[in-house]
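**Q** Chains V and S, in that order, give the protein sequences.
Positions -17 to 164 (this note's numbering) are the ones given, in order, by the first sequence.
Positions -17 to 164 (this note's numbering) are the ones given, in order, by the second sequence.
These aren't lab readings, by the way, just hints derived from the structure by calculation.
Glycine included, each C-beta is placed from N, C-alpha and C at the ideal position.
Some hints here could point you the wrong way.
Sample of chain S residues at the chain V side, in silico, Cβ under 8 Å [said to hold, decoys possible]:
no.	residue
1	-16
2	-11
3	22
4	40
5	41
6	59
7	72
8	79
9	82
Okay, here's what each chain looks like letter by letter:
Number of protein chains: 2
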Amino acid sequence: MKEIPLAKVFHLIEPGPVVLLTTARKGHANMMTMSWHMMMEFVPPLIACVVSPANYSYKALRTTKECVIAIPGIDLASKVVDIGNCSGPDVNKFEVFGLTAVRAKKVAAPLVAECIANLECKVVDTRMANKYALFVLEVVKAWTDPKRKERRTFHANGDGTFVVDGRTLDLKKKMVKWAEFL
Amino acid sequence: MKEIPLAKVFHLIEPGPVVLLTTARKGHANMMTMSWHMMMEFVPPLIACVVSPANYSYKALRTTKECVIAIPGIDLASKVVDIGNCSGPDVNKFEVFGLTAVRAKKVAAPLVAECIANLECKVVDTRMANKYALFVLEVVKAWTDPKRKERRTFHANGDGTFVVDGRTLDLKKKMVKWAEFL
Chain V
-17 MKEIPLAKVF HLIEPGPVVL LTTARKGHAN MMTMSWHMMM EFVPPLIACV VSPANYSYKA
43 LRTTKECVIA IPGIDLASKV VDIGNCSGPD VNKFEVFGLT AVRAKKVAAP LVAECIANLE
103 CKVVDTRMAN KYALFVLEVV KAWTDPKRKE RRTFHANGDG TFVVDGRTLD LKKKMVKWAE
163 FL
Chain S
-17 MKEIPLAKVF HLIEPGPVVL LTTARKGHAN MMTMSWHMMM EFVPPLIACV VSPANYSYKA
43 LRTTKECVIA IPGIDLASKV VDIGNCSGPD VNKFEVFGLT AVRAKKVAAP LVAECIANLE
103 CKVVDTRMAN KYALFVLEVV KAWTDPKRKE RRTFHANGDG TFVVDGRTLD LKKKMVKWAE
163 FL
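The following block holds chain V by itself, in its conformation from the complex (with noise of 0.2 Å):
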């Protein structure tokens, strides 16, 4: 996998697809299916993120404070979604579903090495975690996997179904205010 600056992960996260989160508790590693996230600030990158105390993985969020963001491509649609409908502690998900866990840099939470993209994440604030179960992360390392094909990534629509990236509309000459981030 190829590093990404962190000026750059922005461009991942803002289109809105369905992403996997990692973390890793007392040596076992979990993951859940996620789509209710946003960017909060472009450097450091900062993403907010909401992880229901009925997910398993919040009680590893708040104790660990770290996990990985994981952005899958379409080809994992499916295995995306079976991953959201069952639960940590009776499952090593990495296996059952036959999806590889790679050692990350700065954090405990693996690496999927499936994934377009991963994401390694600090917990920053957790002043909301109690009333919303929102966090936010600091995205601490960025990585990509240039060789992977399939780019396209899923969008939930909550009800089973998903949108799939379609074409891309390049309006560029139109952005002169967010220029300096290109």
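Position chain S against the provided structure of chain V, taking the given hints into account.
**A** This is chain S only, laid out in the frame that chain V set:
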């Protein structure tokens, strides 16, 4: 426009489309383009969004504590980008961009008639507004235009390119856990 039950609002925001945010302050209606937002709760529907103090809308949001999130279809992409590239005090954006402001029921901010859906919102939490420019919104009324044919939304890559909704993948059969929300 036809009302949408509040329990269905998350289907509109969870996929992560580019949206317009309208506000009204001292008789001046304004709008901005926004991509940093996420669902936080199903019912009542809560949405988190980041509106920078650099945006004219920031002050309106803080003082009036009301806004509308309007979801544009791909047919409005060019206008939506232009709206993001000009600032509120100088210009009546509804007039300049040929968009129709429609009176909302529960907030002073206007609906945008040309959009797929409109969500009337109250700001319910500003605890993270100073540090992160993060606002927590509660959707109090939701509308859609059922006559509208073009229902594809689009997603910002943050570099002046946008991904248009492609095909829909139906994995409903796999969605056991979330069945109650379908």
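**Q** Evaluate each hint against the coordinates.
**A** Results for each hint:
For residue -16 of chain S, the shortest C-beta to C-beta distance to chain V is roughly 18 Å, which exceeds 8 Å, and the interface hint is violated. For residue -11 of chain S, the suggested interface contact is broken, since its CB lies about 11 Å from the closest CB of chain V, more than 8 Å. For residue 22 of chain S, the interface hint holds, since its Cβ comes within 8 Å of a Cβ in chain V; the closest pair sits about 5 Å apart. A hinted interface residue such as residue 40 of chain S counts as satisfied when its beta carbon comes closer than 8 Å to some beta carbon of chain V; here the least separation is about 15 Å, so the hint is violated.
Because the closest C-beta pair between residue 41 of chain S and chain V is about 18 Å apart, greater than 8 Å, the hint is violated. The beta carbon of residue 59 of chain S is positioned within 8 Å of a beta carbon in chain V (closest approach about 6 Å), and the interface hint is therefore held. Because the beta carbon of residue 72 of chain S sits about 14 Å from the nearest beta carbon in chain V, more than 8 Å, this interface hint is broken. Interface hint status for residue 79 of chain S: violated, as the beta-carbon distance to the closest one in chain V is roughly 13 Å, over 8 Å.
Here the hint on residue 82 of chain S is broken, as its CB sits about 22 Å from the closest CB of chain V, past 8 Å.
Taken one by one, the earlier hints fail for this structure at numbers 1, 2, 4, 5, 7, 8 and 9, listed in ascending order.
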